[in-house]
Each structure stands twice: as C-alpha cells, then as structure tokens.
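Each chain, letter by letter, is given below.
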Amino acid sequence: MARIIVVTSGKGGVGKTTTSAAIAMGLAKRGHKTAVIDFDVGLRNLDLIMGCERRVVYDLVNVINNEATLNQALIKDKRCDQLYILPASQTRDKDALSTEGVGKILEGLSKDFKYIVCDSPAGIERGATLAMYFADDAFVVTNPEVSSVRDSDRMLGILSSKSRRAEKGEEPIKEYLLLSRYSPDRVKLGEMLSVEDVQEILSLHLLGVIPESKSVLNASNSGTPVILDEQSDAGQAYADIVARYLGEDKPHRFIEEEKKGLFGKLFGGK
Amino acid sequence: MSLLDYFRSSKPNTASLAKERLQILVAHERASRNQPSYLPQLQQELLAVIRKYINVGQDAITVNFEQDGNQETLELNIVLPDEK
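Chains as they are written, first to last, in UniProt numbering: chain A, 1 to 270; chain B, 1 to 84.
To be clear, the hints were calculated from the coordinates, so they are not data collected in a lab.
These numbers were taken from a predicted model, which means no experiment stands behind them.
Misleading hints may appear alongside valid ones.
Below are the BS3-like pairs computed for lysine-lysine, each with C-alpha atoms no more than 27 Å apart in a straight line [said to hold, decoys possible]:
#: 1; chain 1: A; residue 1: Lys-162; chain 2: A; residue 2: Lys-114
#: 2; chain 1: A; residue 1: Lys-11; chain 2: A; residue 2: Lys-214
#: 3; chain 1: B; residue 1: Lys-52; chain 2: A; residue 2: Lys-174
#: 4; chain 1: B; residue 1: Lys-19; chain 2: A; residue 2: Lys-188
#: 5; chain 1: B; residue 1: Lys-52; chain 2: A; residue 2: Lys-11
#: 6; chain 1: A; residue 1: Lys-188; chain 2: A; residue 2: Lys-104
#: 7; chain 1: A; residue 1: Lys-76; chain 2: A; residue 2: Lys-162
#: 8; chain 1: A; residue 1: Lys-33; chain 2: A; residue 2: Lys-114
#: 9; chain 1: A; residue 1: Lys-78; chain 2: A; residue 2: Lys-114
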C-alpha cells in the first residue's frame, strides 16, 4: 500500500508545487517509487516545475474518464527512474474531478507505488478538497505571513473534518508544518513571524523550514526540482525535510541568521 | 537606555502585532468551526419566539456552543430591553 501525501496550504503562491516537486523527487531519489499528481485542473503547473511540459499526452481527467490508462498518462522522470508525474488537465474545468474517479486512480497507483504526492490547488474548491480527501499525511505549506497562517489553520479544520479518515472515524491525517520563504534576518528585526510564533498559533509538528532563496526561481526557470540543486539552501532544506519525514533525526537548519565571515560580508550573497 | 536601543525602539515590531492578531482570529475561527450547523437557525427561531412577547433587537440573543472534553454546553443569553 502506498502512503498518500497531500501538499496543501489554502493560500496560493506559498510554494505548494515547488514543495510537491521537491518532495517527490527527494523520495524517489532515495529509492522509493513515487508518483506526483497535479490536482489543479485548468491551471496545471507541476509539469512545468518538473520540466516535462512537452511530454504531456494524457492527463488525470483522461484517466478518470477512461480515455487513457494510468500507464499511458504517467510521465516517467528523465532524471530519476523511480519518479512518475501525473499531470492535470489544462482544458477541462475542475468539476471534471469526482471522488470515485480520484479514488480509483489512487487505488490503481497504490498497487505499484510507495508514495503518492498530491499537489493541491489553492483555495477550498473541489480540486483542493479531493487532493486531501484520501490523504494519510498532510504537508501544510505556510509562509510566515498573516493571510497564509490563517488559511493554513482553515485547511487544518477541513483536514480534520472532511477527509476520508475523518468520515470513517479512522486515525486522523498526520499533519506537518513546512514553513517556506523564511528570512531569519527579518525575524531578528521583528519584521516577520518566527518559526515559534507560527508553530504556537497552528500547533503543528514542524517538518522543516525552507529559507527564502534565489535558487527556487532558478530551479523553476529551468524545470528542475530545487532539491536537485544540492548546493542551494532551499535544496538542502527539502533534502532535510524528506529525511525527517522518513524518520531520520536531522536538526533543524535555516532558522538562525547565517553568520557571514568578513569574506561573506565583503562579497555578499549566494 | 542606550543610543542603540533608542534607534531600535523607533521601529515598531510588526511581527508581534501579527502574532497577536492571528492568535485572536484563529481562536475565534476555531470556536465557530466546531459549532453545530443548526446554531444560526436556532438563534433565528428563538428570536422569532421571543419577539412575540417582548420587543427585542436583532442582536439581543447570543447562542454559544462550547465543547469541553465530553461535556457540551449550549449557552443562551437574552438581553431584555430597559423598562421605560
């Protein structure tokens, strides 16, 4: 049986797709057969972030409507043979998704995959609620910013009441906090909510902090999941997150301001 | 107070303001999230009944639902108008 992870946030633009791509690649690179599914029907972008936009033939809705098989729609990643991408449909509207259809797809994938990462769209419409409905684990991506924190809390409410596990009275979805776009220097100046602040408000288990990083835009520009940029802080942060999720004990990084030596001060940034 | 502190204190700490606002908001939204869905209708119907006898305003009734462990409390608060 596969473990189903939903990457969710409520608010848009906080880094769900970046996180989905990075986490899926990270799990696959560690030898776990992983599928990553784009649930943003009508506004698909995971294919672009993964760099396989020109290889999309069939999509999620085609499979639901029996117009293609799962194997026809799954795109095998060229960098890692354990990773497959299932793109969203770009032309149909979001009502094309049904609970039975999504359930059938996840059931089919579960036979063959170890992890299924569901990239949720923003909002609380059908795509978002279906992405989380079947989940075992939820990665709640949050920016240290008031509207993002509020929306994350709203998503936690939905996770605990409207998921399959909640409806069946099973063990609840495991929820994890991923704090992204974090700037330790701004936190120090009192301009940004700290990790502790966000954790205190949401009372969530912290899986990792992803620092605000230029490498994220560079990665999406080139269609490479940022976790493959092993030199970058964001890439390392995601590698840590994958390791922690798999049960490894990794101390948290990127929470404190980086101490720059004289050289760093003179020649600046990364 | 040192000179450095003087310059620091001139900058408002917006992060603590954000935290305070969020804590209040999130607590409020969580409380209403756990309320049974019949609550708004119950409030409306109670108001209609009371208005048969006493002339009270729209906001004269507050209905609160609280859950504390196994115990559920429904609190009804009616504010009567001042005697003329």
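Results for each hint:
1. A:Lys-162 x A:Lys-114: holds, 24 Å
2. A:Lys-11 x A:Lys-214: holds, 21 Å
3. B:Lys-52 x A:Lys-174: violated, 50 Å
4. B:Lys-19 x A:Lys-188: holds, 15 Å
5. B:Lys-52 x A:Lys-11: violated, 46 Å
6. A:Lys-188 x A:Lys-104: violated, 48 Å
7. A:Lys-76 x A:Lys-162: With Cα atoms ~32 Å apart, Lys-76 (chain A) and Lys-162 (chain A) exceed 27 Å; violated.
8. A:Lys-33 x A:Lys-114: holds, 5 Å
9. A:Lys-78 x A:Lys-114: holds, 19 Å
Violation of the numbered hints given earlier is confined to hints 3, 5, 6, 7; the remaining hints are satisfied by the structure.
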